[in-house]
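Residue numbers (UniProt numbering), protein chains in the order written: chain A, 1 to 465; chain B, 1 to 465.
Think of the hints as simulated: they come from the structure by calculation, not from any bench.
Any given hint could be a false lead.
[To be verified] Here's a subset of chain A near chain B, in silico, CB distances under 10 Å, partners left out: (1) R86; (2) E430; (3) A440.
Glycine included, C-beta positions come from ideal geometry on N, C-alpha and C.
There are 2 protein chains.
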Amino acid sequence: MSMSDARGARERLVVIGGDAAGMSAASQARRLKGPDELEIVAFERGHFTSYSACGIPYWVGGDVPERDRLIARTPEEHRARDIDLRLRTEVTELDLGRGRVRARDVDSGAESWTSYDKLVIATGARPIRPGLPGMDAAGVHGVQTLDDGQALLDTLARTRGGRAVVVGAGYIGVEMAEALINRGYEVTVVNRGEEPMSTLDPDMGRLVHRAMEGMGITMVNGTEVTGLRVGDDGRVRAVVTEDAEFPADVVVLGIGVRPETALARAAGLPLGEHGGLLTDRSMRVRGQQDVWAGGDCVEVLDLVSGQQRHIPLGTHANKHGQVIGANVGGGYATFPGVVGTAVSKVCDLEIARTGLREKDARRVGLRFEAVTVESTSRAGYYPNASPMTVKMLAEVRTGRLLGVQIVGREGAGKRVDIAAVALTAGMTVEQMTALDLGYAPPFSPVWDPVLVAARKAAAKVRDAG
Amino acid sequence: MSMSDARGARERLVVIGGDAAGMSAASQARRLKGPDELEIVAFERGHFTSYSACGIPYWVGGDVPERDRLIARTPEEHRARDIDLRLRTEVTELDLGRGRVRARDVDSGAESWTSYDKLVIATGARPIRPGLPGMDAAGVHGVQTLDDGQALLDTLARTRGGRAVVVGAGYIGVEMAEALINRGYEVTVVNRGEEPMSTLDPDMGRLVHRAMEGMGITMVNGTEVTGLRVGDDGRVRAVVTEDAEFPADVVVLGIGVRPETALARAAGLPLGEHGGLLTDRSMRVRGQQDVWAGGDCVEVLDLVSGQQRHIPLGTHANKHGQVIGANVGGGYATFPGVVGTAVSKVCDLEIARTGLREKDARRVGLRFEAVTVESTSRAGYYPNASPMTVKMLAEVRTGRLLGVQIVGREGAGKRVDIAAVALTAGMTVEQMTALDLGYAPPFSPVWDPVLVAARKAAAKVRDAG
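Bound-form chain A, shown alone (with noise of 0.2 Å):
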């Protein structure tokens, strides 16, 4: 008799990972199932639950007063809800072939198997610390876990408004900078690309660039860290790069992160060029009929590119976990891809994109015209009419809009939804030059930026025969 026999007509699911991506799976599998027909456990190795990990720079900057009020949903809540939540508990081996999962209690080492009828993996993504010398030293920090956040707070604390160095001029690396500027610290970001946001064009990070200097940020281009410099304290004195040093009493790491697929991987599980697990259509690992993967762990289909991409954004992990809910509870849901959208701040300026760069259309082999525009926000005469530039690039023939970038102030980046939703459809600038946008002036120019980009695409895609 196989343990599923011996639990009857009540499934067991498995969740590996309690943040976003799984508790989403696991909570709408619960709406759809009650807890006579679905067993549901779910394995979170830190001490918290669908937390969003995309406000810790908020906190740490002190916009948002506390931890807790990053956490969507409790521990507790889960638990109410009949999900059985097993805290500090790292999942450990995967054994497809008897469906089943080696946990361990990280507190007291004790270890032990549960089976499963359905699996949902959603491990998430670890930060790339790259192996230098120093780089485990007091006052080096990541921000990827609340631990994370709490752990460089301390870090803030001891060393009041002194001299901080932010590695990687990314999303995290831009709202960290931000942060550290808002907590009274000096602050210098190290860059190894050309400009900062390398998810924009290089001309379009130029822009970032010299805005973060007007903030009093110290922008270093084009360097790459060659390690720490840590006192006899064993504290951190300075980020060593090539051919200088950043004296820092605090470091922030905003490299990246990756796929954490080592589970996936020793079980055999298929993982894409960027290392992330690959699904089909409704987040069903391929080739596997009982497990189902979501979240910053897997990687998604780029509906421009027609590629598969890593995009690592807690409002993707949310829907994944909604389509894997919906279909292990028995429903249907798809998640059909990304177009790659993304908005940030540093300070005042907004920073948006969505669709491919220019070197992303080369790669791919598509030909494209890029156009950029000078605008404003609101109607030029309106108060706090702020510039904005628009970046838009298009297919040559078929006009078919490739990307948009947008850096500019208030009310700037959320117009990259405009260029998004025209994406997924698939439009054209032609099309789009049309488009019967919201106007009135503290909104919008009579032209709002965006038509206005992608009326000179347009007429340089025609142009260009």
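Assemble the complex: chain A is given as a structure, and chain B must be docked to it using the hints.
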């Protein structure tokens, strides 16, 4: 020898109306054809060209410090581009048979005929002024033209901080209520409809109603104005309704506008059921070869309902002008239609809509489900996350998005653009649930409010079978 032969190869374009549509058409045509090829004569009844009528409430309210900021291009600038602009000159007759227009100098009364090869009608709209006793009293103002705005400001200088009554609670009405509040007036809005903002469903209008009351504005709904009480000095004293009298030092009329098509009607040009000129996709008047029309004097195709509408809005007028100018100038452009997007604000309340209201959908025979969700403009834990309400309509069976209405605070209004693009693309609410919209805590909850509404609408459509 005809007039046209006499001028040889050089054609003459005559434009009637010197605001957004007319002068955009003239400018775009000039861009494509130099003065050797195309002569351009533009007649404008008033003193100004190419100004933002939409900006008048903000000038009156003091946000825009001076009138000239609202003028996008002055008469001199147009003339410098070889456009023969004749101000204070009213066209009094169209002679389509002989291809000429009769114009009268408003000041001298002198009349003369001008022949054309191509004609653009951009006569705009005229405000509705009910024929009630006292409507012509001093202190009663429309806000359609810059001259209207100046006259109102003169009255405000005289009545500083007194009592103001706004008649009508559409966009102009609520914007003028804000302007008058900003000027220190005690403001009453008298409105015929059940709730303010009849471009929204009444349940959403009610939110606007409550918010306006919270701003100290007195809202009187469901009330018909029967006349004005006028003092012996010829100045307005009160607005009189069927069962009350509202003391007023100044009265602002925001009742709406009708297409100004008397000339076109007299000439036998085709008008629609809303009194606007009917055009084809190139903005050419139906049945005509060389006559175009655009702006507030035309009707436009509503892409969602498939019916004609009259939507006086600067952003459409500018698009029309651009399209007309391209076609007149030998290029090619079309205006496919609108989805009915509009955004407005009253103090810090943002109000937006696109697509069909419940009654619009019913009128065109569409069966739908409607959902309303409460969410926030930013992540709930982020400072200044403000509540916003999104109502969404979707067709049963197909699940096609039919319309969205939004009432909220900062960051709420322009989210309507997401729906505007989705409507244009003919998306279903199920497709919308997967939209890859910009997410970061300062910009949006992890599920954008529009996605929350789409999820709820999709579920309701499914449940309805």
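Comparing the hints with the structure gives:
For A/R86, the interface hint is violated, since its Cβ never comes within 10 Å of a Cβ in chain B; the closest pair sits about 24 Å apart. Of the supplied interface hints, the one on A/E430 holds, with its beta-carbon coming within about 9 Å of a beta-carbon of chain B, less than 10 Å. Hint status for A/A440 relative to chain B: holds, with the closest Cβ pair at about 5 Å, below 10 Å.
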